[in-house]
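Following the hints, position chain S against chain F.
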Amino acid sequence: MTVNETQEKIAEEFSEFDDWMDKYNLLIDMGKDLPAVDPKYKTKDFLIEGCQSKVWLHPELNNGIITFSADSDALITRGIVALLIRILSGRTPDEIISSELWFIDRIGLRQNLSPTRSNGLLSMIRQMKLYAMAFKATSDKTSSPTGKR
Amino acid sequence: MKSIKDIRADFPILESKVYNKPLVYFDNGATTQKPKVVIDAVNEVFTSFNSNIHRGVHALSDKASEEYEKAREKVRSFINAGKREEIIFTSGTTASINSIAFSFGERYIGKDDEVILSRLEHHANIVPWQMMCDRKGAKLKIIPINDSGEIMFDEYLKLLSPRTRIIAVTQVSNALGVKVPVNKMIDVAHKNGIPVLVDGAQGIQHDVVDVQGMDCDFYAFSGHKIYGPTGIGILYGKEKWLDELPPYQGGGDMVANVTFEKTTFNTLPFKFEAGTMNFAGAIGLGIALDYVESLGREEIDEYEKDILVYATNILSDIKGVKIYGTACEKIPIISFLLNGIHQYDTGMVLDKLGIAVRTGTHCAQPVMDRFGIEGTVRASMCFYNTKEEIDILGKGIEQVIKMFS
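First to last, the protein sequences are chains F and S.
So the first sequence is residues 1 to 149, counted in the working numbering.
So the second sequence is residues 1 to 405, counted in the working numbering.
You may find that some hints are simply not true.
Sample of chain S residues at the chain F side, in silico, Cβ under 10 Å [as the list claims (entries may be wrong)]:
| hint | residue |
| --- | --- |
| 1 | Tyr19 |
| 2 | Leu23 |
| 3 | His342 |
| 4 | Tyr344 |
| 5 | Leu353 |
| 6 | Ile401 |
| 7 | Met403 |
Derived by calculation from the structure, the hints in this document are not laboratory data.
All residues carry an ideal CB built from backbone N, CA and C; glycine is no exception.
Only chain F is shown next, with the shape it has when bound in the complex (with noise of 0.2 Å):
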């Protein structure tokens, strides 16, 4: 699926919704559901400060493809943070980079991602592009930012 396939998917199983209780209800499900960053990522290194709640996010590329595994401290922002994963993860830097995410409008939670929310999430979406850019960069197809592989 394209990122604009998966944005029509996700979109569509929240459109069975009308009650913000229930997209909640989703979305803290999706975010039970999240695979655990490995605790060694879990450092300063890979957090993104929200005053809100924390975002920790780690990148891996292999063979031109970049997994991204994240984590967040609130179960709601966590949800969002398993959306951007379905969306981003497992993609080759180009298409993170041109990628447009207009699902947060269509599911009705862009006030997540204002900055005044301070949710970590905006910041989030920042950094998976500036890793893809920092890994289109580099010529090593198979490092990630730390070194380690």
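Frame of chain F, contents of chain S only:
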């Protein structure tokens, strides 16, 4: 006091709906809503007599200046200051504290001197002093707090030293709602010849504030937290200090005579009011204080104590609620966490139920550190909040617990 129904009718915003649910506004610690009389007063300034104050020779300027000075008199009377010269209009508590931290620091603080603050301070009563101490090579000394969120008075006494130059302390903790025994602290400080600044941002709207009775040397508060407009605040200072201190900002209106060789400053209070002041805000603040007086400050206090007890009982009865700041002496603020649930998650769900609370550190990170937490959910109430609204919060909390367990 007027009936709660009539009081609520004075505040147009309280009729709003959010996400199709009636608004339950429990974020009064961040800012209070405005009664219609205040909204009308500000509107009236711009529709009827907007004109720069203290400058014109014309009728509108005279009227604006007169209303501005009337507002100053209302503030003086409201906090029972001795003289109008002691009432300085600023943009808010933060600006008031910054100006004293700067001016007092410039005049009286040197290397290795000490400034005492408490652990309960809002960042606005920490950072300006820290910046000044960095400039001067001085040190901050911090009064610790106990598990209930009360300052430890004995520890305060131990911190007083011959190097202490000033004490800056909040009247009430914004994060926990716990009151600070400022009168007792000022007594001791003065016996040692040390002046005290009181941050009244959370105290002014819940207490009868009498600066002469309290005998504080400086008192700071914001208009928007006492039902007035944003961008207006007050710095009260005893005349003897304000006369001595250098001005914080230079500009128009704060001067008597300007040449390139030398400038002499205007008399008080104008020496500290550089540039065009927020006269519309000041006039609105005056009306807000009239409104509060019309309800009766003792009556407000009585009612707010009642809703604090009610809310504390409702929340304490819910399994999994932990309240931070359990002291007896409090304003109607409840800071809490739900067992294992992130404060942001709680706030997000309450929001969708129409309940406005604040989540996070409340600009008081040292308080959160003291309790080993990263933030709380804060429900801050005032006289227009009802027990029915508290019930809605209680049910909302139960729903949050169910969702996240």
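Interface hint status, Met403/S versus chain F (Cβ within 10 Å):
It holds, given that the least Cβ distance between Met403/S and chain F is near 6 Å, below 10 Å.
Can Tyr344/S be said to touch chain F, with a Cβ gap under 10 Å?
This hint holds: Tyr344/S lies near chain F, its Cβ roughly 4 Å from the closest one there, short of 10 Å.
Using the nearest Cβ pair, does Ile401/S come within less than 10 Å of chain F?
Interface hint status for Ile401/S: violated (13 Å vs cutoff 10 Å).
So, His342/S near chain F? Judge it on the closest CB pair being under 10 Å.
holds (4 Å)
Does the interface hint hold: is Leu23/S within less than 10 Å of chain F, judged Cβ to Cβ?
violated (15 Å)
Classify the hint on Leu353/S as holds or violated, based on whether any CB of chain F lies nearer than 10 Å to its CB.
holds (8 Å)
How about Tyr19/S: closest beta carbon in chain F under 10 Å, or not?
Tyr19/S check passes; min Cβ-Cβ to chain F is 6 Å, inside 10 Å.
Violated hints, listed in ascending order, are 2, 6; each of the other numbered hints is respected by the structure.
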